[in-house]
Amino acid sequence: MEHANSVSPWVSLAYLVAGVCFILALRGLSSPVTSQRGNRFGMIGMAIAVVTTLVTHMPGKDLNYVPARHPEYSILAFAPDWLTVAEIVGAIALGAAIGLVTARRIAMTAMPQLVAAFHSLVGLAAVLVACAAFLNPLAFGIAEMVVPMIGDPFGSIHPVSRIEMALGVAIGAITFSGSVIAFLKLNGTMSGKPILLPMRHAINLGLLVAIVALIASFTQTQSPASFWTITVLSFVIGFLLIVPIGGADMPVVVSMLNSYSGWAAAAMGFTLHNSAMIITGALVGSSGAILSYIMCRAMNRSFISVIAGGFGGDSGGPAGAAASDRPWKRGSAEDAAFLMSQAEQVVIVPGYGMAVAQAQHALREMGDKLKAHGVRVKYAIHPVAGRMPGHMNVLLAEANVPYDDVFELEDINSEFAQTDVAFVIGANDVTNPAAKTDKSSPIYGMPVLDVEKAKTVLFIKRSMGGVGYAGVDNELFYRDNTMMLLADAKKMVEEIVKALD
Amino acid sequence: MDFISILSIFVLACFVGYYVVWSVTPALHTPLMAVTNAISSVIIVGALIAAAAVGLGNGGTVSKWLGLLAVVLASINIFGGFAVTARMLAMYKKKVR
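The listed protein sequences correspond, in order, to chains E and F. Heads up, the first sequence stops at 501 in the UniProt record's numbering, and the numbers go up one at a time, no gaps. Heads up, the second sequence stops at 97 in the UniProt record's numbering, and the numbers go up one at a time, no gaps.
Incorrect hints may have been included.
The list that follows gives simulated cross-link-like pairs (lysine-lysine, BS3-like), each with its CA atoms no further than 30 Å apart [to be verified]: (1) F/K94 with E/K439; (2) E/K371 with E/K439; (3) E/K193 with E/K371; (4) E/K329 with E/K453; (5) E/K453 with E/K498; (6) E/K378 with E/K498; (7) F/K93 with E/K369; (8) E/K371 with F/K93; (9) E/K369 with E/K439; (10) E/K329 with F/K93; (11) E/K436 with E/K369; (12) E/K378 with F/K93; (13) E/K491 with E/K439; (14) E/K498 with E/K436; (15) F/K95 with E/K193; (16) E/K369 with F/K94; (17) E/K453 with E/K436; (18) E/K453 with E/K378; (19) E/K439 with E/K498; (20) F/K95 with E/K378; (21) E/K371 with E/K498; (22) F/K93 with E/K193; (23) E/K436 with E/K455; (24) F/K95 with E/K439; (25) F/K95 with E/K491; (26) E/K436 with E/K329; (27) E/K436 with E/K378; (28) E/K193 with E/K369; (29) E/K439 with E/K453; (30) F/K94 with E/K193; (31) E/K329 with F/K95; (32) F/K94 with E/K491; (33) E/K455 with E/K439; (34) E/K369 with E/K498; (35) F/K95 with E/K453; (36) F/K93 with E/K439; (37) E/K378 with E/K491; (38) E/K498 with F/K94; (39) F/K93 with E/K498; (40) E/K193 with E/K455.
Since the hints were made in silico from the structure, they are not lab data.
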């Protein structure tokens, strides 16, 4: 057991190298050109961490093992436990098979669900590791063996390790149950509508206080009852936190859970005194936190208001219905094709609707046809378009749209005034001019794409009845320069492509 | 390592993370989430220690099996996360001129 405690400097160095590899992996993502090399750095780092652990924690019988027939080999005899080695290799192989098959088969439009599901696995793994460390603390080198006068000997866990362990299990459990709910909502298994329990803020606050109190008591007593209660309550609070949050706020939730999974890894890294885990946890934790911040800023909402949930319930229903008798123009695929083929510049604004309709390939085909007509085609992406950060970029990349045709909000917003046609496909709230003018609107102050400044706006929408996620009517529909194309996004784009020939 | 040196690593890594992540281009935010997910599965280190350990009585046996289960879960993430990131990144292409 002693080898778990006395760490050779080479081992620490190996974990440090792994940590640096992870930093380089994220650094590579600063540009699509270097990103693939970055990903390889990530794999190398992980391989180093895993191999180092396997070598230093080779399963085997006690170091002072004395073979019965050959007592002369008793000193430093280490008998590897091949059964356990096989079990571990089997476990890794099983996980690898599941992971690789899933990664290969998953549709790009299902990426948000997949990421949520993966987060839940990290959370659950953190819980399991924390439980294992609690049950067998001596193996992790975080406890002193105590032989009491009465009863069996047990490992008394160091007080600092108790805090780290309790935090790790709590954050891990919240990540797990929260991600499961996020997965169900993103996957459509569960309605994206927020589910509001009465008194939910009081319940959540109460649970949080209870968890903190239990962690405090656990550090004093190392009581198993406190430990398991912390675990259970954390599962419950993770569930309760995500249930009231609506579908389009999922970019924030997914990034937040990403952050949590990092903090869980960091907490376990503290417990195990492992620099690779701490560096990774800090990286992932700040990554998720920054992404949540970017998403919140892009919606002009505070993180607290997103997490409090309930946005986009049925509050905006009547407002949407009242306005729908205003006059609006309807266009056909032929009109759209004509307008765009005559244009000098067309800016395409994709949103979640494009992902739902799987229209990205048809859209790229349309872009190619327009380019053949001599039209400049650009894509404008709002940071919260879709169900996770960068969702639209991945879908456009999948459809072979070159990434230098794709622009972020701040880079393209000034160009709409010189644009002939803005083509909005499956986006709504992110184009609503009310965010700039109407102080009473729930989305007031949110940065939006200035599509209304284009000479003509073509807006693909399934029907006039529905409103966007924020539950507000979009005054863009009733403008003189807007033409509504009412159809399924993919069908409409395919018809436009036909009309362009 | 004592607590303060670990804490130092953690705090400095938070700052590194802050600057590195701000330099990630928004177009790659989805691959960023996938790859951070893969690397946060470095928690497999803890799972491996648990799975390989020889324990005291029942706690040790349970701990070992929890560790093995965690190894499976973390491996799904590691292999799945890196593979799906590689798949996404391979799709980002520059304009052919």
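Verification of the supplied hints:
Distance hint between F/K94 and E/K439 is unfulfilled; the C-alpha atoms sit about 41 Å from each other, more than 30 Å. Between E/K371 and E/K439, the direct Cα distance comes to roughly 40 Å. Violation of the 30 Å bound is thereby established for this hinted pair. Proximity of E/K193 to E/K371 is assessed by CA-CA distance (about 40 Å); at most 30 Å being required, the pair is judged violated. Among the hinted pairs, E/K329 with E/K453 is consistent with the structure: their alpha-carbon atoms are about 17 Å apart, no more than 30 Å.
Proximity of E/K453 to E/K498 is assessed by CA-CA distance (about 28 Å); at most 30 Å being required, the pair is judged to hold. Restraint check for E/K378 and E/K498: satisfied, since their Cα atoms lie roughly 21 Å apart, inside the 30 Å limit. About 19 Å separates the Cα atoms of F/K93 and E/K369, which keeps this hinted pair within 30 Å; it holds. For the hint pairing E/K371 with F/K93, the CA-to-CA distance comes to about 17 Å; that is within 30 Å, so the pair holds.
With a C-alpha separation of about 41 Å, the suggested pair E/K369 and E/K439 falls outside the 30 Å cut-off, and the hint is violated. For the suggested pair E/K329 and F/K93, the alpha carbons sit about 38 Å apart, so the restraint of at most 30 Å is broken. Taken as a hint, the E/K436 and E/K369 pair is broken in the structure, with Cα atoms around 34 Å apart against an allowance of 30 Å. Restraint check for E/K378 and F/K93: satisfied, since their Cα atoms lie roughly 15 Å apart, inside the 30 Å limit.
For the suggested pair E/K491 and E/K439, the alpha carbons sit about 36 Å apart, so the restraint of at most 30 Å is broken. The suggested pairing of E/K498 with E/K436 is violated, with an alpha-carbon distance near 37 Å, which exceeds 30 Å. This hinted pair does not check out: F/K95 and E/K193 have alpha carbons roughly 40 Å apart, beyond 30 Å. Distance check on the hinted pair: E/K369 and F/K94 sit about 19 Å apart at the alpha-carbon level, within 30 Å; holds.
Between E/K453 and E/K436 the alpha-carbon distance is near 13 Å, which keeps this suggested pair within the 30 Å criterion. Simply put, E/K453 and E/K378 have alpha-carbon atoms about 16 Å apart, close enough for the 30 Å limit, and the pair holds. For the given pair, E/K439 sits about 42 Å from E/K498 by alpha-carbon distance, which is inconsistent with the 30 Å threshold. Between the alpha carbons of F/K95 and E/K378 the distance comes to roughly 12 Å, so the proposed pair stays at or under 30 Å and holds.
A hinted pair counts as satisfied when its Cα atoms are at most 30 Å apart, and E/K371 with E/K498 qualifies at roughly 15 Å. Under the criterion of a C-alpha separation no larger than 30 Å, the hint pairing F/K93 with E/K193 is inconsistent with the structure, at around 36 Å. A hinted pair counts as satisfied when its Cα atoms are at most 30 Å apart, and E/K436 with E/K455 qualifies at roughly 19 Å. Restraint check: the Cα-Cα separation between F/K95 and E/K439 comes to about 41 Å, which exceeds 30 Å; the hinted pair is violated.
Proximity of F/K95 to E/K491 is assessed by CA-CA distance (about 27 Å); at most 30 Å being required, the pair is judged to hold. Taken as a hint, the E/K436 and E/K329 pair is honoured in the structure, with Cα atoms around 23 Å apart against an allowance of 30 Å. For the proposed pair E/K436 and E/K378, the alpha carbon gap of about 23 Å is at most 30 Å, so the pair holds. Proposed proximity of E/K193 and E/K369 is contradicted: the alpha carbons are some 38 Å apart, above 30 Å.
Using a Cα cut-off of 30 Å, the hinted pair E/K439 and E/K453 holds, with the two alpha carbons roughly 20 Å apart. Restraint check for F/K94 and E/K193: not satisfied, since their Cα atoms lie roughly 38 Å apart, outside the 30 Å limit. Only pairs whose Cα atoms come within 30 Å are accepted, and E/K329 paired with F/K95 is rejected, the gap being roughly 36 Å. For the proposed pair F/K94 and E/K491, the alpha carbon gap of about 28 Å is at most 30 Å, so the pair holds.
A distance of roughly 26 Å separates the Cα atoms of E/K455 and E/K439; the hinted pair therefore holds under the 30 Å criterion. For a cut-off of 30 Å, the pair hint linking E/K369 to E/K498 stands: about 10 Å separates their Cα positions. In summary, the hint linking F/K95 to E/K453 is supported, as the alpha carbons are separated by about 27 Å, within the 30 Å threshold. For a cut-off of 30 Å, the pair hint linking F/K93 to E/K439 is broken: about 41 Å separates their Cα positions.
Between the alpha carbons of E/K378 and E/K491 the distance comes to roughly 21 Å, so the proposed pair stays at or under 30 Å and holds. For the given pair, E/K498 sits about 27 Å from F/K94 by alpha-carbon distance, which is consistent with the 30 Å threshold. A distance of roughly 26 Å separates the Cα atoms of F/K93 and E/K498; the hinted pair therefore holds under the 30 Å criterion. At roughly 36 Å between alpha-carbon atoms, E/K193 and E/K455 are farther apart than 30 Å, so this suggested pair is violated.
Consistency note: the structure conflicts with the earlier hints numbered 1, 2, 3, 9, 10, 11, 13, 14, 15, 19, 22, 24, 28, 30, 31, 36, 40.
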